[in-house]
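Below are the chains, spelled out letter by letter.
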Amino acid sequence: MTASNHTLLNVQDLTTYYKLPQGYVKAAEDISFKLEKGDALGLAGESGCGKTTVALSIMRLLPPEGRIVGGKCLFKNFDLTKLSEEEMRKEIRWKKISIVFQGAMNALNPIFKVSDQIVEAILNHEKTTKEEARQRAAKLFEMVGIDPSRIDNYPFEFSGGMRQRALIAMALACNPEILIADEPGTALDVIVQAQILKLLRNLKDKLGLTLIIISHDLSLIAEICNKIAIMYAGRIVEYGNIIKIYKESLHPYTQGLMMAFPSIKGPRVRMTSIPGSPPNLLSPPQGCRFNLRCKYAMEACMKEQPTLEQVGEDHWVACHLVHKR
Amino acid sequence: MSEEQLVKVENLRKLFPIKTGFFSTLLGKKYYVHAVDGISFDIKKGEIFALAGESGSGKTTTGRLLVKLIEPTSGKILFDNTDITNIRPKQFKVFRKRMQIIFQDPYESLNPRMIISDIVAEPLVVQGGKSAEEIEESVCKALEDVQLVPPEEFLFRFPHELSGGQRQRVAVARALITRPEFIVADEPVSMLDVSIRAEILNLMFDLKEKYGLTILYITHDLALARHICDRIAIMYLGKIMEMGPVEKVVSEPLHPYTKALLNAVPVPDPSILRSEVVIKGEIPSPINPPSGCRFHTRCPEYIGEICKTKDPPLVSTEKDRTVACHLYV
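First to last, the sequence lines map onto chains Z and W.
If you're matching positions, the first sequence starts at 86 in this note's numbering and goes up one per residue.
If you're matching positions, the second sequence starts at 10 in this note's numbering and goes up one per residue.
Keep in mind the hints are simulated off the structure, nothing from the lab.
Mixed in with the good hints there might be a few duds.
[What the hints assert, rightly or not] Each pair of labels, with its calculated beta carbon distance range:
1) W/I96 <-> Z/E227: 35 to 43 Å
2) W/T326 <-> Z/R286: 53 to 61 Å
3) W/E145 <-> Z/T357: 33 to 41 Å
4) Z/K104 <-> W/K99: 57 to 65 Å
Just so it is clear, CB atoms sit at the ideal spot from N, CA and C, and this is done for glycine as well.
Generate coordinates for the entire structure from the input sequences, incorporating the hints supplied.
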């Protein structure tokens with residue numbers, strides 16, 4: 086994967102482990118992807134597959150047990166994994182990359198006014214007066230579709246959808262170039278979810294944002310992203326152009342996931358599932374991590390870890406079956 | 010499928026009182042959450058009936074009312090042609106055996122201090138009249154039914170030793186052990202990962218065929234409802250907006266709310282572009298629901314005063330299909 090001039094974020098072999106008394110949880114291994122300006126990448130997978138760990142590693146917001154043990158994360162040729170905490174805070178977070186955390190219901194501090202929370206973020210990152218910051222907060226509210234007169238409300242006075250909007254407003258406070266949204270639709274009703282997706286799409290076009298959408302919901306990702314990376318047990322199994330992957334998925338896990346998703350359109354079929362459950366990442370199986378659940382598993386799958394290899398234009402797969410063919 | 014009704018609900022209402030302050034009490038003001046506000050429907054023997062809607066629309070309350078976990082404010086519930094609305098607890102015990110519920114969250118619905126065999130056996134113990142050996146045999150059979158095999162391996166485990174999918178299987182086994190005819194499934198897969206959802210649903214479907222169950226399936230996921238249910242009722246703020254065979258409701262929705270809801274469901278196909286979201290705002294508070302049609306505050310097809318003042322009745326548009334909207338009166 087060569088980097089072109091427009092490449093904004095280039096993640097190469099990023100590996101993050103969590104240290105527990107029992108050993109290392111291999112939460113994310115050899116994660117590689119690339120974001121051009123204006124891209125929207127979907128990170129998809131089941132719970133516990135390492136989606137959020139990847140986001141937190143990029144932001145360098147991992148909990149104390151978490152450590153990036155290898156790989157690079159190049160933002161415009163600066164390696165984020167090498168920057169000091171001070172540089173990260175002053176230069177990168179909020180100004181260049183910001184994140185909307187999972188769980189809109191609980192991500193705001195309940196005892197402060199929403200305006201104060203946004204103003205605090207602005208003042209911490211930019212040299213401006215409190216008054217200016219407040220005005221900017223009001224503008225941000227307007228941009229995400231909440232009446233600016235409500236900036237002095239407390240979070241409990243907001244509905245779920247409004248809280249999610251307020252969080253997006255807060256993330257956009259210092260004009261970032263990349264916005265990471267962790268499960269933006271979960272815990273919201275379908276109609277509200279559709280409204281939030283529309284907002285994200287509009288903001289992306291208007292502000293030229295580059296998005297990373299983390300979700301377990303393939304249909305949500307299909308609505309907004311142009312690239313997708315499917316993760317399983319801490320590794321990317323398939324990555325590339327979204328239409329390619331939805332229409333011509335090659336990895337057995339991706340295929341299984343697609344089959345397990347009911348659609349409101351198309352024929353009514355009996356849904357199929359992937360038998361078994363994901364492995365424990367403290368001691369993942371030898372070879373391909375999907376081997377125990379894969380119906381095509383061969384001898385090579387039990388011994389050797391497949392690497393992510395290009396199989397077509399904008400299409401990468403990590404599977405022995407595909408590589409042998 | 011026989012056309013015989015198993016459950017019939019007539020004008021069912023449930024209002025939850027809200028605690029107010031001292032002065033409001035003095036002024037005699039009382040506030041209620043209108044959770045379920047006058048709904049009528051019937052469930053035929055052997056079908057899967059879906060109750061769909063956004064959160065706060067009263068789906069779960071309806072499910073709990075049907076199995077008598079809570080008492081209705083007014084209205085009637087008929088089970089197998091017997092009125093069970095105001096039945097005495099002692100007489101109800103016979104019916105309890107015939108109706109069971111599977112809860113949404115398998116991480117909370119199983120007592121963490123009980124072993125699996127005790128959890129699954131509890132309904133039988135409560136019902137009484139069976140020896141310890143008989144109960145043990147039934148428990149093993151129930152675990153086999155939900156494919157927790159071999160049962161001996163699971164009998165003495167605690168819920169925390171099982172995965173989410175396995176826990177929900179235990180919940181299904183517990184519901185099925187009394188050989189019920191009617192099951193309320195309250196979002197049984199919404200807490201599970203996508204790859205194992207289908208497994209639990211197919212299991213429920215197979216058991217339904219095997220034991221001739223009738224299921225009320227409560228869900229917010231229309232795509233999922235479409236794949237497993239026979240008939241569907243769409244709820245909004247405690248009222249039924251539209252009801253009919255699921256394929257018809259999904260392919261040609263009549264009510265503006267159903268249309269909006271279907272429009273908002275994301276499609277797992279990036280080449281299909283979704284039409285614009287027309288509906289604004291969020292579901293209003295059920296404490297003071299809008300007058301007239303409850304949906305008039307957000308309705309894109311609002312036709313005038315009548316929507317504000319008059320509550321539209323559920324009218325039949327064709328066989329087996331009803332809608333509550335002034336557009337179709």
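Report task. Could you say whether the range 53 to 61 Å given as a hint is met by the Cβ separation of W/T326 and Z/R286? Result -> violated (36 Å)
Query raised in the report: W/E145 and Z/T357, beta-carbon distance inside 33 to 41 Å?
Result: holds (34 Å)
Query raised in the report: Within 35 to 43 Å or not, the Cβ separation of W/I96 and Z/E227?
Result: About 57 Å separates the Cβ atoms of W/I96 and Z/E227, which means 35 to 43 Å is violated.
**Report entry** Distance restraint evaluation - Z/K104, W/K99, Cβ atoms, bounds 57 to 65 Å
**Finding:** About 58 Å separates the Cβ atoms of Z/K104 and W/K99, which means 57 to 65 Å holds.
When the structure is compared with the earlier hints, violations turn up for hints 1, 2 and for no others.
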